[in-house]
Structures are given as C-alpha cells and as structure tokens.
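Q: Residues per chain are reported as follows:
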Amino acid sequence: MSGIEYLIQGFQVALAPTNLLACLVGVVLGTMVGVLPGLGPIEAMAIMLPLSIRYGPLAGLILLAGVWYGAQYGGSTTSILVNIPGEASSVITCVDGYQMTRKGRAGAALTVSAIGSFVAGTIGIIILQLFAPPLARAALSFGPIEYLAVMLLAFVALCTLGGDNPLKGALMIAFGAFLSTIGIDRIAGVQRFTMGIPTMMYGINFIPVAVGLFGIAEVIRIALNPYAPSPVKSIRLRELYPNREESRRSVMPILRGSFIGAFFGLLPGTPAVLASFASYSVEKSISPRKAEFGKGAIEGVAGPESANNSAVVIALIPLLCLGIPLAPVAALLLAGLEMHNVTPGPLFIRDNPTIFWGFIAAMYLGNFLLLVLNLPLVGLFARVATLRPQVLMPIIGIFCLIGSYTTRMAIFDVWVMIGAGVVGFLLTRLGFSMVPLVIGMVLGNILEDNLRVTIQWLNGEISLIWTRPIALTILALIPVYVVFIRLAGRKVLKSGVSD
Amino acid sequence: MLLIFAISVFFFGILFSEVSAYPDKPIKVIICYEAGSATDLIGRTFFQHIEKELGQPFMIVNKPGAASALGLRELLEAKPDGYTLGMSCSVNVLKILGHLPYTHRDFDVIGIPLLTGSILAVPSKSPFQSTKALVEHAKANPGKVRMSTTSKGAVFWIHARYFERLTGAKFNMIINPGGASFIATQLGGGHADVGFAAYKPLQSQIEAGNIRILGVTTEKRVQGFPNWPTLKEQGYDMVVTGWAGIVAPKGLPSDVYRKLVSIHAKVAGSKGWQDYCTATGTMAYPEYAGEEAAKFLDQDAEIQRPILEEIGAVQK
Amino acid sequence: MFAEREIVPFAGKMKDFSRAEFIVYCVFCAAAAAIIVPSVKLGLGGKEELGPGLLPFLASLCVLATGAVLAILTRLRREKVNPSAELEKIDRKGWIRVGEILFSFAVWPLLVGVIGYIISTFLVSLGMAKAIGYKGWLRPIILSISITFCIWFIFGFMFHLDLPAGFSF
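Chains as they are written, first to last, in the numbering used here: chain V, 72 to 570; chain X, 69 to 384; chain F, 88 to 256.
There may be inaccurate statements among the hints.
In silico DSS-like pairs for lysine-lysine, Cα to Cα no more than 25 Å straight-line [stated by the list, open to error]:
| id | chain 1 | residue 1 | chain 2 | residue 2 |
| --- | --- | --- | --- | --- |
| 1 | X | Lys334 | X | Lys96 |
| 2 | X | Lys238 | F | Lys134 |
| 3 | F | Lys134 | X | Lys207 |
| 4 | X | Lys147 | X | Lys93 |
| 5 | X | Lys120 | X | Lys300 |
| 6 | X | Lys200 | X | Lys147 |
| 7 | X | Lys327 | X | Lys93 |
| 8 | X | Lys147 | X | Lys318 |
| 9 | X | Lys318 | X | Lys300 |
| 10 | X | Lys163 | F | Lys134 |
| 11 | V | Lys174 | V | Lys361 |
| 12 | F | Lys128 | X | Lys212 |
Because the hints were derived from the structure by calculation, they are not lab data.
Chain V extracted, bound-state conformation (with noise of 0.2 Å):
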C-alpha cells in the first residue's frame, strides 16, 4: 500500500464516532487550557488520562495529542489580547502581539496566529508523515556534543533580542540565567541557593514567573491610570482580520517559522519555546521593518506562533518512531500509550499501522478543526480587549492567581508571580526589556545542561570533537549564520524601504 492509500484508510478510522469525538474534546480543551494561564498542557493531559483510558488507544492518543497542540493554539490568544502568556511557548506572542491589540489590530494578531498555527501545524503532519523514521533516525544519532551546538547556535540568534541596550540586555540575560539555577542541581544533586526553602527545591517554576513580568506588571502599569482613553472604542467586522499590507507581510514569516519549530522540534526539552523565540529573533533580524518590532509587527506574532505549533507536532517523531520521550509533555503521551499495551517505537509504524495512520489523518482533521473553531472566536476575543480596565482587571488579577497556583499547586508560585509582577513594572519602567530576562532563564538550564554533559564525555579530550562530524557541522554554521543575517539586513535596507 503506498502512502496515500494509508492516509486515505488512515481518515476512514479517525472519522470514527469515538475518535473524532475524542479528537474534538482534545482541541477544544487544549484551546481552553492553552487560554487559561498558568494550567498548560502538561496539567490537563494529565488529568485527562484516565480519561483516555477507557477509549482505545487510537481515540486516547488523539485526545492527549489534540490537548498538547490545542494548547499552542490557546496560548496566543491571551498574550495577544492582555498581555499575559497563556503558556511558556506564548511569551515572545505577548511582546508584539498585545502592541497590536492596543493599536486595535488585536482581531488582525488573532486572526494571523490561527492562520499561521494551521499552515505550520499542516506542514510539520506532512514532514511528519513523509520523514518520520529518517527524522527519528537522525535524532538518534544527536549525541551531547551535537546538542550542544545546536545550541550554541540558538544562543547566537536569540543573542539579537538583547533589546535596545545592550548592556541592560546583558544583565537581564545573566539575571535570568542565574534564576534558572536555583533548585537542586540537576546532576550534581546538591542545592543551589533554596535558602532552605524546600519548595525551592524545585527551582523557580517559569510560568509564574512569566505570567508575573508580561501580566501582572501590565496589571500594575495599568493600575497607574485606568481611565486613560482607549484608541479602541468598537470593532468594525472590516477591522477584525488582517488588513492587505498585514496578510503580505505574515506569509514568509509563516512558512519560515514552520520550519524553523520542525527544525526545533526534534531537540529534547521545551522545543515549543525554543522555537518560538528562534523564529522571532530571526524575523527580527532579516526585517526591513527591525524598528517596529516591540512596538507591534505582525511578523512578531506571525512566525513564533506559527514555529510554537510545527514544532509541537515534530516533537512527536522521536516518541512515536523510537519510543523516547524528548520532551516532558511527549512523555505524558507515552504514558497514555503505554497504559494501553502499546510501545511506540522503531517497530511502531510497521506493527501498528492504523494507529499510526489513523493518528497522523486526526492531526490533520484536528489542525483544521482548530482553525474552523478559532477564528469566528477572533470577533468575541477581540471585543474583550475593548472591556473596560475596572472589568478586565480583576478577572485578569484572579485567573493569573489561581492560575500560578495551579501549575504546582504550590501557593509559592503565586507569591513568585506578584514578585515577578512587581520586579516587571519597575524594571520595565526603567528601560529594560523582560524577553532577554526570559531568553536567560529558559536557556541557561538548557545550555548549562548540554555544555556540563558534553564536557563529561569529552573527558577532558576536546580533540574529540573532530570525530563528530555533525557537531562539527552545526559549529560551522554559527558564522555562517551570523553573516547570512548581516547581508540579509543590509540588502533590504540598500534595495529601500517600500511602505
């Protein structure tokens, strides 16, 4: 049977009554956990499980699946419309997505962001479909050093999100890194500055802290004077999608986010948010339009949200095809699998084909759905960005705490989320920007991680490196990337500025 006939089979079982019931509740409760702060969807596809349990293992595959990147979907719709990260991978969609929403584009951002999500999550299926084992095969053979570079190579880009200053982006980028330290050490298992608290223990969880420095800061600045007039008084249908110049502007960033989360997808760890803010620093950097980014360039949404969705569904690869869970939430998925007898893994797609295929042909159906579901939402969502702050205050002020607390059920975090809140207003006021405080506390676990695992297997012998040849690879592009960039940016502005 050849691929198409799969596929083709692969939809006969996923319309199913049971799977496309679960395929339904799955995004649609992704899309509300992904809009809720602080529940992700680690949370709710861990209270589904059980759930999953009664149906077969197709139908609770779908619906954990439809969860996790129903969530990518949820995620932006917050950040876009006040500024609060729906989940970890929607940070960077708050910087330029809620500046649209006060310039009353917040219709167009919503609009952009399902859009993207669809086409990126459609694309990361179709790689998925097409490359799956020779993907999870490359995976595999990605050892520490290759990680390493890898990120390395992502430190580089995200290093241009410094913000205007950069030295201030520099201390952000330090403070945020030490941040990610505290906690017991990953792998020399002693404590690093807990103080002797033992939630601290744990370390200091993101999304409090996230929801702190973009939300709860907002909350505050917003508290300063909340009866200042609102540019945004009604919403004309006209206004409420992209207008041309916009839609333009979205479709490379699209497609390019879509890769580069496909691309991102693959890493152990966070891929999601790693992708996003790869995809921004990089639509950042080639734009002829750098100046507006922070003040509401569509392309800041338009590519993040859109990498975020790719590579959710390829972080799917190394758990399907080898049975390994990169990522924490894959691991969840894994779980639900297993709870059913079933291994993923190198054998996965020759033993379980309609599983396989039906799963790959729910993606589809369930991306789509997304879509059908989000964007006649975009007109009620944007209306929201239009309540007044004495209404839109306080339900933001109880969700982002109920919401930190429920990411441990640790009343802590909600104490970390308005001290972050607090650190945000004053450090914002003074002229820093929260992105390179975020980019260091996301990324100083992540490359302490790979550096510290590298320099134990080297043992000493970094000669070593010679031998791996993909390392060697991803090392070599580091210049090449940063030169690409240059050109890229100084064309642009020789060839002029049009619009």
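Fit chains X and F to the known structure of chain V by using the hints.
A: For chains X and F alone, kept in the frame of chain V given last:
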C-alpha cells in the same frame, strides 16, 4: 422496649456504616514523580487495578522533586484518614540523602507493588559480548569507557556506582539530567558504551535491536525474559533492586490500614498484575504489604547505606 | 489605551529617574557580589566535569560587570529632556492605586489557605475592582460573584483540581 431496640439498631447501623464506609469518596494519590515517568506509569496501572477492588476512583496528582521528598512532604501534612496516599521509590533513604528528615517508619507503609532489577546494557554494535569482557576492558582503560546514567542520588546512578565499586573499574560517568530516556538515546545512538536502567525506558530500543543486554541485577533470571543472564551468575555479586512503594501518613485507623494492606496484597498477587510484571521484566511479591513491606524497606535501606556513604551521597 | 508606548522615563524629575536606575544597578551589583563566593564554594569543576557553581558564578560576574558599567554611565549621563515623546502622567493617586492592587494580589495567597478559595477569590476580585476604580458597589459585586463562579466551574468542577479549601469548602 421499642425505644431501646431502635437506639441499638441505630448504633449498630453507625458501627457498620463506619466499618464498610471506607472508602466512600475518591482517594488522592501523590505520585512523587513526573507525569509520564516510569514510576508514574507503574503507579497509574497499579491503581487502575486497585480501583476495581476498592470501588472508588483514584485521583492521581504528580508532585515531582528531590527524589520524591517534595511529594512526601506534602503527604506528611495530609490527614491520616486513608484518603491520601503516596508513591515513592526512595522513601527509606531520603533521611540519609538529606532530602527529608524522615524515613519510611514515619509513614504507614501499605505495600511494595513492584520490584525491578537494573539491566546492564550496551549498544548492539558494542564489542563487548559479556560483562567480563566489559569489566576487563574498563579496568585496563580507566576513565575511558562511558557509562550513561541519571542524576546523582537517583536509583540508576546508585546502581552504576555500585557496579564501579564492586568491579574496581573506573568508568567515565555521563550524568544525564533528563532521566532514563536519555540513557536509551545514548545507548541506542552509540554515544555511550554502557549503562544501567530498567527495562521500560530501554524497551523500544531493545526491540529495535539497537541495544543489547549483558546482564540483570536480580537474584534469579527474570521470569518473562529467561535469556537475560543475571550478573550474579556471571560472577558479579550485584543484586540490587529498585522498587516502588505506597505509603500513607502515619496514624491510619486500624480498619482502614488493614483494608488497604489486604487489598494491596490481593492485587499484587492477582493474575493481571503478575502478567503485567512478567511482560515488563519486573517482579511483584504479594507478601510485601504492610509490616512485611516495612521490613523490606528496613533491609533495603541498610543495603543502600554503605553504597551511599561510600559514593559520598550522604549529607552530614 | 495609551499613546504610542515608548520606554521613556515617567513624568517626574529626570533626576528621580536616574536615581532610581542607579539604585537598581547598585542592588544588582550587590546581589551579584553576594552570590559570587557561594558559587565558587559550590564548585567550579575542572576539565572533566563542570561543577554546579559554574553557571551561577559566570552569571553573577556578568551581572556585576554590566551593572557596574551601567551605574557609572548613569552617573555620567547628562539630564536629557525628550519633549517630543509623550510622557505618562503619574500622580500620587496612581501610586496609591498601585499599592491597593498589589495589596489585593497579596491578600489572596494569604487568605486562601485559611478561608478557602471561594471566599478569597470573591473578596480579592472585589478589592481589585474597587482599586481600579469601579464606581459603586452593586456592579463590582456582581462581577466578583461571576468571576468566582467561573473559577469554581472551570477549576473545581471541570478539572477537578484541588484548590485550597481552608476550613470552609
């Protein structure tokens, strides 16, 4: 007369309702590891089986951190009424490790649903065909043979160091912060030379033929996999088992305790659970429930203590 | 809601602004300096293994260095006024509102363990509404009740999460 009868019926009613009332609402279980991890899977599967016996659903909450210390801390604060339980793989050594000033004797131990040996695995392309070959090579080349393992203090790391100490060979320990899945990737991809892990994380790579098994750390050959030689029969007296244990806050009412323990023993000995263990290369002993389980934990702690001391994991 | 958002100093004295910046840099430097010694104590590691103290050490060095440079630059900078940019008008009432909002936020974690999330959520949302300037009492109370109901419905009922109940529910 009628009044006395009514009152006594009423009292008997209360008596009976109390005894048979447990459990009358869902039971919360704190699994002290991340959702999707090996222990989480074991716990969820086991409690699925118990649910059928007990009749009440279990609400599973994941509270990872500090080798189960964080979750157990929360368990300690819960009411000892049988509606909050916990699952941990290290409850008896947390005091030694310095993560928690309590041992398993500060809890009511319900039972040990599962024990697992560790597998000594190598990439299938590895030149080592036996443990002996591996050990001799490692001794001749100290620090060169890469052993993939998990964070310091974690079960597989303890096993790896124990092996080092036992054989006198010095390995280059690659400590993976990500957990046992990364041992599977490193061995499967050939980035490390050897590693200790349980069967589950390695299963897909073993089935795909990327990983080969040199030995297993159980006393006798594992029932489901009779062609795995034990390390003991190869001359390396390494019998160490990882386990998962279910505990409750101390002070359970005696009837609740007895009920939980007897159901645990029943399920652990049931065909469904025994089949699960055989299929996953693990073992379950229904007698490890209640006080017997606590005694096993006593002994296990004493086995682990000298290892932990010698490898410097003990916090003074 | 506001004019083009630029990161500009607030309307107040420029000297206040530079002073605030300077204080922040000093705080960062002091904190970083305090971290350096414990980091080294954690262990920097060697050729074969990087210790747990390495990243904190490097990070705090970086914070110290950049903080110091920025502090010095603040002191040397002349006061500039940027009349073309619109400055946000801040008055004392604004800061009081900020205080009230922060207080509302802080009250929730304090109360929730004691009297449970239903009552805490209701009280805190009401407090926030008033702090943000919701006039009257009837409408804010209706809002708070709706919010509390939504929270209960979504988190308690749908997701069955264990929100703190205190001694009530």
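Q: State for each hint whether it applies.
A: Status of the hints after comparison with the structure:
1. X/Lys334 to X/Lys96: holds (20 Å)
2. X/Lys238 to F/Lys134: Holds: X/Lys238 and F/Lys134 sit about 17 Å apart, inside 25 Å.
3. F/Lys134 to X/Lys207: holds (22 Å)
4. X/Lys147 to X/Lys93: Holds. X/Lys147 to X/Lys93 sits at ~14 Å (cutoff 25 Å).
5. X/Lys120 to X/Lys300: violated (38 Å)
6. X/Lys200 to X/Lys147: violated (52 Å)
7. X/Lys327 to X/Lys93: holds (15 Å)
8. X/Lys147 to X/Lys318: Holds: X/Lys147 and X/Lys318 sit about 9 Å apart, inside 25 Å.
9. X/Lys318 to X/Lys300: violated (38 Å)
10. X/Lys163 to F/Lys134: Distance ~33 Å between X/Lys163 and F/Lys134 Cα, so the pair is violated.
11. V/Lys174 to V/Lys361: holds (18 Å)
12. F/Lys128 to X/Lys212: violated (29 Å)
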